[in-house]
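A.B. asks: Working from the sequences, and respecting the hints, build out all of it.
Chains as they are written, first to last, in the numbering used here: chain L, 234 to 380; chain R, 100 to 244.
Note that these hints are calculated values from the structure, not bench results.
Wrong hints could be hidden among the right ones.
Unchecked claim - Below, in silico cross-link-like pairs of lysine-lysine (DSSO-like), each with a Cα-Cα straight-line distance of 30 Å or less:
{"id": "1", "chain 1": "L", "residue 1": "K367", "chain 2": "R", "residue 2": "K136"}
{"id": "2", "chain 1": "R", "residue 1": "K109", "chain 2": "L", "residue 2": "K376"}
{"id": "3", "chain 1": "R", "residue 1": "K109", "chain 2": "L", "residue 2": "K251"}
{"id": "4", "chain 1": "R", "residue 1": "K109", "chain 2": "L", "residue 2": "K367"}
{"id": "5", "chain 1": "R", "residue 1": "K106", "chain 2": "L", "residue 2": "K376"}
{"id": "6", "chain 1": "R", "residue 1": "K136", "chain 2": "L", "residue 2": "K376"}
{"id": "7", "chain 1": "L", "residue 1": "K377", "chain 2": "R", "residue 2": "K232"}
{"id": "8", "chain 1": "R", "residue 1": "K107", "chain 2": "L", "residue 2": "K251"}
{"id": "9", "chain 1": "L", "residue 1": "K377", "chain 2": "R", "residue 2": "K136"}
Unchecked claim - Chain R side only, calculated, beta carbon under 10 Å to chain L, not exhaustive:
{"id": "10", "residue": "L112"}
{"id": "11", "residue": "A123"}
{"id": "12", "residue": "H203"}
{"id": "13", "residue": "E206"}
{"id": "14", "residue": "G208"}
{"id": "15", "residue": "I239"}
Unchecked claim - Counterexamples of contact, computed for chain L against chain R with all Cβ distances above 10 Å:
{"id": "16", "residue": "Y249"}
{"id": "17", "residue": "L257"}
{"id": "18", "residue": "I258"}
{"id": "19", "residue": "A279"}
{"id": "20", "residue": "V281"}
{"id": "21", "residue": "E282"}
{"id": "22", "residue": "L287"}
{"id": "23", "residue": "V293"}
{"id": "24", "residue": "A300"}
{"id": "25", "residue": "F314"}
{"id": "26", "residue": "I336"}
{"id": "27", "residue": "N338"}
{"id": "28", "residue": "T362"}
{"id": "29", "residue": "K367"}
Source: prediction; values computed, not measured.
Where a beta carbon is used, it is the ideal one built from N, C-alpha and C, also for glycine.
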Amino acid sequence: MSLRESYLEFTALNNYFKSFSLLLIRIALAYGFYGPALIKWSNIEATVEWFASLGIPFPVFSTFLVASFEVMAVVLLLLGFFTRFIAIPLMVIMLVAIFTVHIENGFSVENNGFEIPLYYFLFLSILATHGAGKYSIDYRFTKKEER
Amino acid sequence: MLQTIHKKIKDILTNFQSLSLLLARLVVAYGFLQPAKAKWSDINGIAQWFGSMGIPFPTLNAYMVASTEALGVVLLTLGLFTRLISIPLMVIMVVAIVTVHLPHGFEAGDNGFEIPLYYILFLFFFLSHGAGKFSLDYLIFRKEQ
Chain L
234 MSLRESYLEF TALNNYFKSF SLLLIRIALA YGFYGPALIK WSNIEATVEW FASLGIPFPV
294 FSTFLVASFE VMAVVLLLLG FFTRFIAIPL MVIMLVAIFT VHIENGFSVE NNGFEIPLYY
354 FLFLSILATH GAGKYSIDYR FTKKEER
Chain R
100 MLQTIHKKIK DILTNFQSLS LLLARLVVAY GFLQPAKAKW SDINGIAQWF GSMGIPFPTL
160 NAYMVASTEA LGVVLLTLGL FTRLISIPLM VIMVVAIVTV HLPHGFEAGD NGFEIPLYYI
220 LFLFFFLSHG AGKFSLDYLI FRKEQ
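C.D. replies: Below is the structure:
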């Protein structure tokens, strides 16, 4: 077997892990959104004031919207339910977080930079484009011929 | 009706698969650039640091890790042998978590294992999905795939 063939064999083998890697990403993101969601809901008034101080329009509405999406993210990402659709508003939230809070602190997480929200944005864009994989409710609802 | 819309949106999003892979590859490559540069600028210091953490053959391992990381930056950017380079980089991340970050917990702010964990997830994703269309892998191997 040539080197080229071995490499292609290796490629084909790793394709079996596609859904597993998507599952791991979903679990990590669900855990990542759990903390911020909890903080926002446990003290929603302080979050409203903070949003207002950042110059976000309609702070009360925005706070409830973001806090709701983050709670939904935890549940839906774990289940793999409407994965592509929850990923898009979460990507928007991450962009807003980057541009209102983190961008002036640079990249590195040590200075509260935009490193981690950027990673979340990328994970979410992966989920939006690739879907949730086989280990998900979405997959159960996908028609056989579209799988 | 709703099902048609659902399918349309799904199809549109699916077109951006390779773009999301490209962005993720570039960011992970950038993430390895800093540690790789730091290691090469003071390789003896790194070897001593590895030795102090109880890593066997510290000098050999310092060179190996520094080389793999530098190679990772180049290959992930080009999308060349993406799946292949992902494996040693994942091993490096696991070792980094176990030897350095684990006692600090999860949070990245406390130097926990959050960021190396995210890197493992990105690399595992590259390993299982490949580099996408915007890559040398696609140019070289696409016919057989």
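A.B. asks: For each hint, tell me whether it holds in the structure or not.
C.D. replies: Results for each hint:
At most 30 Å may separate the alpha-carbon atoms for a hinted pair to count; K367 of chain L and K136 of chain R exceed this at roughly 39 Å. A threshold of 30 Å between alpha carbons decides the hint, and for K109 of chain R with K376 of chain L the separation of about 13 Å falls inside it, so the pair holds. Only pairs whose Cα atoms come within 30 Å are accepted, and K109 of chain R paired with K251 of chain L is accepted, the gap being roughly 18 Å. Between K109 of chain R and K367 of chain L the alpha-carbon distance is near 16 Å, which keeps this suggested pair within the 30 Å criterion.
Note on K106 of chain R and K376 of chain L: the hinted pairing holds, with a Cα-Cα distance of about 11 Å set against a maximum of 30 Å. As the CA atoms of K136 of chain R and K376 of chain L are separated by approximately 49 Å, the hinted pair breaks the 30 Å bound. Note on K377 of chain L and K232 of chain R: the hinted pairing holds, with a Cα-Cα distance of about 26 Å set against a maximum of 30 Å. Among the hinted pairs, K107 of chain R with K251 of chain L is consistent with the structure: their alpha-carbon atoms are about 23 Å apart, no more than 30 Å.
For the proposed pair K377 of chain L and K136 of chain R, the alpha carbon gap of about 49 Å is over 30 Å, so the pair is violated. A hinted interface residue such as L112 of chain R counts as satisfied when its beta carbon comes closer than 10 Å to some beta carbon of chain L; here the least separation is about 5 Å, so the hint holds. The interface hint given for A123 of chain R is met, as the beta carbon of that residue sits about 5 Å from the closest beta carbon of chain L, less than 10 Å. With a least beta-carbon distance of about 13 Å to chain L, the hint placing H203 of chain R at the interface is violated under the 10 Å criterion.
Annotation: interface hint on E206 of chain R holds; nearest CB of chain L at approximately 9 Å, less than 10 Å. Given the 10 Å rule on beta carbons, the hint for G208 of chain R holds: about 7 Å separates it from the nearest Cβ of chain L. Given the 10 Å rule on beta carbons, the hint for I239 of chain R holds: about 9 Å separates it from the nearest Cβ of chain L. A beta-carbon of chain R is positioned within 10 Å of the beta-carbon of Y249 of chain L; the least distance is around 8 Å.
Separation of L257 of chain L from chain R is inadequate, the least Cβ-Cβ distance of about 6 Å not exceeding the 10 Å criterion. Consistency note on I258 of chain L: stated as away from chain R, yet its beta-carbon is not over 10 Å from all of that chain's, at 5 Å minimum. Non-interface call for A279 of chain L relative to chain R: holds, since the shortest CB-CB distance, roughly 20 Å, exceeds 10 Å. Distance check on V281 of chain L: its Cβ is at least 24 Å (rounded) from any Cβ of chain R, clearing the 10 Å threshold; non-interface status holds.
Under the 10 Å C-beta cut-off, the non-interface status given to E282 of chain L relative to chain R holds; the minimum distance is some 23 Å. Chain R leaves L287 of chain L outside its interface by the beta-carbon criterion, the shortest separation being 20 Å against a cut-off of 10 Å. The beta carbon of V293 of chain L sits about 29 Å from the closest Cβ of chain R, which is more than 10 Å, so the claim that it is off the interface holds. Under the 10 Å C-beta cut-off, the non-interface status given to A300 of chain L relative to chain R holds; the minimum distance is some 21 Å.
With a least CB separation of 13 Å from chain R, F314 of chain L remains clear of the 10 Å interface cut-off, as annotated. Once the 10 Å rule is applied to beta carbons, I336 of chain L is consistent with being away from chain R; the minimum gap is 15 Å. With a closest Cβ-Cβ approach of about 12 Å to chain R, N338 of chain L is found to remain outside the 10 Å limit, as its non-interface label requires. Here T362 of chain L does not stay apart from chain R, with its beta-carbon only about 4 Å from theirs, under the 10 Å limit.
Distance check on K367 of chain L: its Cβ is at least 12 Å (rounded) from any Cβ of chain R, clearing the 10 Å threshold; non-interface status holds.
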